[in-house]
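J.: These are the residues of each chain, in order.
Protein chains: 4
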Amino acid sequence: MLKCDCKVVVRFNEADPLGIVWHGHYLRYFEDAREAFGKKYGFAYLDFHSAGFAVPIVTAHLDYKKPSRFGDELVVECEFIPQAAAKIHFSYKIFEVNNPTQILASGYTVQVFVSLPAFELQWDNPEFFKQWKIKHNIWV
Amino acid sequence: MLKCDCKVVVRFNEADPLGIVWHGHYLRYFEDAREAFGKKYGFAYLDFHSAGFAVPIVTAHLDYKKPSRFGDELVVECEFIPQAAAKIHFSYKIFEVNNPTQILASGYTVQVFVSLPAFELQWDNPEFFKQWKIKHNIWV
Amino acid sequence: MLKCDCKVVVRFNEADPLGIVWHGHYLRYFEDAREAFGKKYGFAYLDFHSAGFAVPIVTAHLDYKKPSRFGDELVVECEFIPQAAAKIHFSYKIFEVNNPTQILASGYTVQVFVSLPAFELQWDNPEFFKQWKIKHNIWV
Amino acid sequence: MLKCDCKVVVRFNEADPLGIVWHGHYLRYFEDAREAFGKKYGFAYLDFHSAGFAVPIVTAHLDYKKPSRFGDELVVECEFIPQAAAKIHFSYKIFEVNNPTQILASGYTVQVFVSLPAFELQWDNPEFFKQWKIKHNIWV
Numbered sequence: 001m002l003k004c005d006c007k008v009v010v011r012f013n014e015a016d017p018l019g020i021v022w023h024g025h026y027l028r029y030f031e032d033a034r035e036a037f038g039k040k041y042g043f044a045y046l047d048f049h050s051a052g053f054a055v056p057i058v059t060a061h062l063d064y065k066k067p068s069r070f071g072d073e074l075v076v077e078c079e080f081i082p083q084a085a086a087k088i089h090f091s092y093k094i095f096e097v098n099n100p101t102q103i104l105a106s107g108y109t110v111q112v113f114v115s116l117p118a119f120e121l122q123w124d125n126p127e128f129f130k131q132w133k134i135k136h137n138i139w140v
Numbered sequence: 001m002l003k004c005d006c007k008v009v010v011r012f013n014e015a016d017p018l019g020i021v022w023h024g025h026y027l028r029y030f031e032d033a034r035e036a037f038g039k040k041y042g043f044a045y046l047d048f049h050s051a052g053f054a055v056p057i058v059t060a061h062l063d064y065k066k067p068s069r070f071g072d073e074l075v076v077e078c079e080f081i082p083q084a085a086a087k088i089h090f091s092y093k094i095f096e097v098n099n100p101t102q103i104l105a106s107g108y109t110v111q112v113f114v115s116l117p118a119f120e121l122q123w124d125n126p127e128f129f130k131q132w133k134i135k136h137n138i139w140v
Numbered sequence: 001m002l003k004c005d006c007k008v009v010v011r012f013n014e015a016d017p018l019g020i021v022w023h024g025h026y027l028r029y030f031e032d033a034r035e036a037f038g039k040k041y042g043f044a045y046l047d048f049h050s051a052g053f054a055v056p057i058v059t060a061h062l063d064y065k066k067p068s069r070f071g072d073e074l075v076v077e078c079e080f081i082p083q084a085a086a087k088i089h090f091s092y093k094i095f096e097v098n099n100p101t102q103i104l105a106s107g108y109t110v111q112v113f114v115s116l117p118a119f120e121l122q123w124d125n126p127e128f129f130k131q132w133k134i135k136h137n138i139w140v
Numbered sequence: 001m002l003k004c005d006c007k008v009v010v011r012f013n014e015a016d017p018l019g020i021v022w023h024g025h026y027l028r029y030f031e032d033a034r035e036a037f038g039k040k041y042g043f044a045y046l047d048f049h050s051a052g053f054a055v056p057i058v059t060a061h062l063d064y065k066k067p068s069r070f071g072d073e074l075v076v077e078c079e080f081i082p083q084a085a086a087k088i089h090f091s092y093k094i095f096e097v098n099n100p101t102q103i104l105a106s107g108y109t110v111q112v113f114v115s116l117p118a119f120e121l122q123w124d125n126p127e128f129f130k131q132w133k134i135k136h137n138i139w140v
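Chains as they are written, first to last, in this note's numbering: chain A, 1 to 140; chain B, 1 to 140; chain C, 1 to 140; chain D, 1 to 140.
What the hints contain is simulated information worked out from the structure, not anything from laboratory work.
Listed next, the in silico DSS-like pairs over lysine-lysine satisfying Cα-Cα at most 27 Å (straight line):
{"no.": "1", "chain 1": "B", "residue 1": "Lys66", "chain 2": "B", "residue 2": "Lys3"}
{"no.": "2", "chain 1": "B", "residue 1": "Lys130", "chain 2": "A", "residue 2": "Lys66"}
{"no.": "3", "chain 1": "D", "residue 1": "Lys135", "chain 2": "D", "residue 2": "Lys40"}
{"no.": "4", "chain 1": "B", "residue 1": "Lys40", "chain 2": "C", "residue 2": "Lys7"}
{"no.": "5", "chain 1": "B", "residue 1": "Lys87", "chain 2": "B", "residue 2": "Lys3"}
{"no.": "6", "chain 1": "C", "residue 1": "Lys7", "chain 2": "B", "residue 2": "Lys39"}
{"no.": "7", "chain 1": "D", "residue 1": "Lys66", "chain 2": "C", "residue 2": "Lys130"}
{"no.": "8", "chain 1": "D", "residue 1": "Lys93", "chain 2": "C", "residue 2": "Lys87"}
{"no.": "9", "chain 1": "C", "residue 1": "Lys3", "chain 2": "C", "residue 2": "Lys40"}
{"no.": "10", "chain 1": "D", "residue 1": "Lys65", "chain 2": "C", "residue 2": "Lys130"}
Note that the structure is a prediction, hence the values are computed from the model and not measured.
Could you build the full structure based on these sequences and the hints that come with them?
T.: Below you can see the structure in the form of structure tokens.
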């Protein structure tokens, strides 16, 4: 199970007139966690690019359970969900640093591989992705 | 069927290093469409607030089918999906002005009612929402 | 005097916990006005790019006189300020549609020309910019 | 001389189609630095609010000397510039972690005090600000 944490402190400019984080910003938090995951496991955007691919998001889903506010110290947890298709699937959980059992938001994203610069969708897993899975003992 | 359109031109600052709209910005486009819907049908944030409620998003879902680029002229279509629960459900479709049959992105959002200022979740449909539904011949 | 207007309606997600537009978003409004100017006068980012140049901002200045709020209908006025140097200078004024004498914010931006893809700073006015000035009767 | 540093890693969603950080995002970096300053010196937004004031930005100025790109590790340095008027003046410098002598961007912001909730401009320094200055040996 490949997992990664990152810490996010809610910025003033991310809270809306209700005083709570505007819902769209959680996609930034998810991206922060993916980026941390990428650094930890050699799976970052820049690794994809040097292999000749981009990995655009094709699906994003978010569930909001409890609002966050300016100054809140959040943990964004990101987990790689292995699957056979030529896709990258991550699931996410967000909670306060001091209250890990109360999930504030959760969600998932799905990314596909497109070749650069033509943006052609790849139906098969690129070789570097297969190698990466093998290296990390992922068998699907 | 209550429906509304709004036009969005992709801004330079919304496109990412791949030259395509960063996926998170579509939640802004959805919000632009909800806002247009609100103006058209008397169902805007400010109407909710004057009735004593806020309507935070509890679920957002996005599917991206084809990227948009800086300068693209998009239509964001937003449709109210009636349901019995004390929730507001919208579905969305985005396409280019000149190519309405090619959907670029779609999605949905679910909002709940919370009382202001306490942010207490409302399990029953607020009276003003019932009246609004009746006025617009919505029977669920 | 080359001038252009564009209308901006303040979005919910642009207002901060104080209920007023977060100050950073005004740079988006300025960009919206530059883009409208570019369309009106054949002076858009895409024109620059097809001529082989990008025009990054090197200075931005903003003065905020009165806050704007969610739902406000603003006019962003943008004026080209001619000058001899190989720079693009715009000044801006923002006011409410219904109250043009009360300036809410003002500012200016300065852009330079860099060649693409090397990003080399151009000390001399590019030929296409000279032609554009002549076409619009700008003699500095 | 009251000073504070914070580290910012450039996010994918902050870079534009040119591959460089969109100029408007530097105001977020400045805010991150102000926030870090506030935590270090007891001078944060929440301290202002509990004293009954907000401190909106009335002027912001940015000079961009060299572009930053996705993944760059930046230091944002923020310095309090004492002055007699009822204003808060900060100056900023941004550079790469590994190259502190090459300034990428600099700027300043000016904030004023307004009472909450009425947003009345304060012409005199609020008492808590005077006390804060004395505590930190600031004599103007």
